[in-house]
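Trainee: Sequence:
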Amino acid sequence: MRVASDFRELARRALSGKWVSAVLTTLVASILGADIMVNGGSSTSGITNSVTNVVNRGNGDSSYNGILSTMSITSLTYILGAMMAIVTVLIVVGLVQYVIGSFVSLGLIQYNLDLIDGKDVEFGQIFSKASMFGKAFWLRLRMGIFTFLWTLLLIIPGIIKSYAYSMSGFILAENSEMTAKEAMKVSEKMMAGNKWRLFCLQFSFIGWQLLCILSLGIGFLWLIPYMNAATAAFYDEISREPLN
Numbered sequence: 001m002r003v004a005s006d007f008r009e010l011a012r013r014a015l016s017g018k019w020v021s022a023v024l025t026t027l028v029a030s031i032l033g034a035d036i037m038v039n040g041g042s043s044t045s046g047i048t049n050s051v052t053n054v055v056n057r058g059n060g061d062s063s064y065n066g067i068l069s070t071m072s073i074t075s076l077t078y079i080l081g082a083m084m085a086i087v088t089v090l091i092v093v094g095l096v097q098y099v100i101g102s103f104v105s106l107g108l109i110q111y112n113l114d115l116i117d118g119k120d121v122e123f124g125q126i127f128s129k130a131s132m133f134g135k136a137f138w139l140r141l142r143m144g145i146f147t148f149l150w151t152l153l154l155i156i157p158g159i160i161k162s163y164a165y166s167m168s169g170f171i172l173a174e175n176s177e178m179t180a181k182e183a184m185k186v187s188e189k190m191m192a193g194n195k196w197r198l199f200c201l202q203f204s205f206i207g208w209q210l211l212c213i214l215s216l217g218i219g220f221l222w223l224i225p226y227m228n229a230a231t232a233a234f235y236d237e238i239s240r241e242p243l244n
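The numbering used here puts the sequence shown at residues 1 to 244.
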């Protein structure tokens, strides 16, 4: 049974000579709204934070309040209108990213699976699951709803369920005939006894993550493809195990 270091080694071998392709493919996928890491938050969280910052800045900054007090009603109306327009655009962009990112996420998964298998990979693979748009969107939404509902009980059950559902995208990417519900059920069975192994794999990157933070986030351009490839190697192994 392989451990975290084995999966990292498999990922490094697969990425050898293909780092530039992996970095650019993952970067574009993230811009399009894909979930770029297993168990990671939706990429629309960045959009949500932007919206929150805009609103909070307009509401709570004392310097803003001082300026507003000297402005005419007309000027204030224009500013509020502009702020609402910006917020609306950010929300629309976030929603578009969420929709497009659903099938791009599956395409990125396929890219990493092919990478681990030693096959030729190319940037265009992130669009290879566009025909599965409906299933991909429903899977993303369904996983989010179920994980959220479990989190309402307590944080720990929510985390456990997020790990239970974590292989759903991989399963659907390889089995296009499945429904989102079926993919999630298979993922739960597949992850029985493997949740701790995935946690250990993810935790093994903590040192690199800290270094990436110190690099002002630039290092994540390389770390995220590395983590994705390692996770694909993890899935490749457990998918060969008989389901209970």
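Watch out, some of these pointers could steer you wrong.
Restricting the straight-line Cα-Cα distance to at most 27 Å, the calculated cross-link-like pairs of lysine-lysine (DSS-like) are [stated by the list, open to error]:
id	residue 1	residue 2
1	K195	K181
2	K119	K18
3	K119	K135
4	K135	K189
5	K135	K181
6	K135	K195
7	K195	K185
8	K185	K135
Okay, the calculated beta carbon distance ranges per label pair [unchecked claim]:
id	residue 1	residue 2	range
9	G81	K189	47 to 57 Å
10	M83	L27	53 to 63 Å
11	R12	V96	31 to 41 Å
12	R240	M83	23 to 33 Å
13	A130	K181	19 to 29 Å
Please keep in mind that the hints were generated in silico from the structure rather than gathered at the bench. No residue lacks a Cβ here, since even glycine has one placed at the ideal position from N, Cα and C.
Trainee: Name the hints, by number, that the structure is in violation of.
Mentor: Hints 10, 12 contradicted; others consistent.
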